[in-house]
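Chemist: One-letter residues, chain by chain:
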Amino acid sequence: MMTRCTHIENMLTEYLSDELGPLERAIVDEHLAECLACRAELAAAREIGGGVAAMPTVNCPDHLSRDILAAVDADSAGRPWPKQRSRAGLWRRSSSPWGWAGLAGTVAAAVLLAMVLPRRAPESPDVAALPAADSTRVTTVEVERARRELLWTLAYTASVIDRSEKRSIADVWRRVRTRTPANHSATIIGGQG
Amino acid sequence: MKRTFFQQVLREHRDRVFSHALYSLRDRDDAEDVTQEVFLRYWRTDPDVPDDRIGAWLTRVVHNLCIDHTRRRKTIRAYFGRPDPDAMERLVASAPDHQSDSLSSEVMAAMEALSPETRSIVLMHYEQGLKLREIADLLDANVNSLKVRIHRARKTLREVLTNPGQPRLAARGEGG
Amino acid sequence: MNTNNKLICCLAALVLVMAVSAAADIKDEPGYIDLSFIQIPDDADEVQDIDLTTVLVDIADDARADGEDELAEVLAMVRSVRVKSFSIDSDDGSVKRNVEKIMKKLDDDDWTRIIFIKDGDETVSVSTMNDDGDILGLTVVVFEPGDSAVFVNVVGEIDLGKILSFAGHMDFDDLDDYLEEYEDKVQ
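Protein chains in written order, with my numbering: chain V, 1 to 193; chain Z, 194 to 369; chain F, 370 to 556.
No lab work stands behind these hints: they were computed from the structure. Keep in mind it's a predicted model, so treat the numbers as computed, not measured. Check the hints yourself; a few may be wrong.
Claimed, not checked - Some chain V residues well away from chain F (every beta-carbon gap over 10 Å; in silico):
1) GLU9
2) LEU20
3) CYS35
4) ALA37
5) ALA40
6) GLU41
Unchecked claim - Quick look at which bits of chain Z chain V covers, simulated, 3 or more residues with Cβ under 8 Å:
7) 233-241
8) 322-331
9) 343-350
Beta carbons: idealized from backbone N, C-alpha and C, even for Gly.
If we strip away everything but chain V, and leave its shape as in the complex, we get (with noise of 0.2 Å):
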């Protein structure tokens, strides 16, 4: 059985921000004057929504800003704009305080990864080497499910290594800013290590 107090609690929310009727406020400020419990409940709901509102407003960083009017003229030029977060990353770098450097250590990675990219199409494996699939075996679901983990793992492939590409860039230029020593040992991608 809802109480009283549960009752006025619920709409301390909509008395805050003035949405109640007149017959529903004057129903709380009647309550509230003999209860102690939900004034104080009344309080700490003003007191966080105050903390909320006050939390202040960020600057939104200022290459942003030339990030999105550049990409709204690639896409009035009819060029394909940054959808994808890897390609916004890019264009993040090339207008970055590290300018063209950082441009070129994005050019620099994809240039060492191209390098350990197969330069031929790979030949089919022999299908005919695996068993043939015997699909009464291998139920629905269970295929269904594979299929997902197999979705899963290369989505989380690719997303390793397009985010590993962004992190080590920036691990670098960190590193280069700061110059703190390498105890971290980022290192960029491609050698041994």
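Using the hints, position chains Z and F against chain V.
Modeler: Below, chains Z and F without anything else, positioned relative to chain V:
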């Protein structure tokens, strides 16, 4: 849409949009990505809204994109790129109206305990001053479920603020 | 046992033998890395222990039947996918040792590191087994002490660019469903 008009909209709303994304996602890189996406969508969609409703349109998009973004991260589970609270705090500390006083900093930290979606709704209601009904319209949501969500969020924040040693993970049944 | 049943038994046995030998073949592949020594701690969360070998053919069949050409192409390259991943709050050192062991194995067997980031014990490593410009295997190791560990080995003649491109276009709704199911199981 004319570029000059877009620039004006960008100038007027970028800080608010960025802040919203930053406080919801609690990660600087993610907030930048989402902010960029929000304005690019505005550019591409060129929605037919009156000037005084552009802010609301942007708010809805930033809210939805924050949720999408979170879902995507969770799915990939590449927590390798997890939220960097230091980066966020540094950014906030550099904000023009930043006060190093305690309450809003504590509340900001306590919001870690809420889900990104709830954070976003809490921001809309308390920071941007949107009424429940307005939020409900914007998000196509139910006023009552919003009320419950905000109520629970306040309770969670309060619990975290009064028990600072015990971080509370975002509860499952946190509200609609 | 009548003739029909005998026949069925033989066929079943044959398929089993072929499956086993396919599995054995996988172990001989240069791109294969043994992950079986990795013990998933009892108190680990979000555990994934994935072993896809023979079922890949089934997935490929479905993909072709559904017109999912990109996926079918990826599957044409891949012969085995194994994953061990889990979240763990604290580690008695066993996970770290597993990571070191696998990294050493990759080094000893002359895998090429295409990504290697180490920050204290935190490790992100993506390595390939190359043969004359072809990639025969891919191994991913991600270790965040006090958080999670992921070990992935993909065997096959892999076109990494194709995988990255495919994964980049992936429909995340699929994966969302998977994660939800998975989270329900873990409750």
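Chemist: Each hint needs a verdict: does it hold in this structure or not?
Modeler: Going down the list of hints, with the structure as the test:
Listed as a non-interface residue, V:GLU9 keeps its Cβ farther than 10 Å from every Cβ of chain F; the least gap is roughly 30 Å. For V:LEU20, the condition that its CB be more than 10 Å from all CB atoms of chain F holds, with the nearest at approximately 38 Å. Here V:CYS35 stays apart from chain F, with its beta-carbon at least about 39 Å from theirs, past the 10 Å limit. Listed as outside the interface, V:ALA37 is consistent with that label: its C-beta sits roughly 35 Å from the nearest C-beta of chain F, beyond the 10 Å cut-off.
No beta-carbon of chain F comes within 10 Å of the beta-carbon of V:ALA40; the shortest separation is about 36 Å. The beta carbon of V:GLU41 is kept farther than 10 Å from every beta carbon of chain F, the shortest such distance being approximately 32 Å. Under the rule that three or more residues need a Cβ within less than 8 Å of chain V, the assignment of the region 233-241 of chain Z holds, with 3 such residues. For the region 322-331 of chain Z, the stated coverage by chain V holds: 4 residues have a C-beta nearer than 8 Å to a C-beta of that chain, and at least 3 were required.
Remark: the region 343-350 of chain Z is confirmed as covered by chain V, as 4 of its residues place a Cβ nearer than 8 Å to a Cβ of that chain, reaching the required three.
Hint violations for this structure: none, all hints satisfied.
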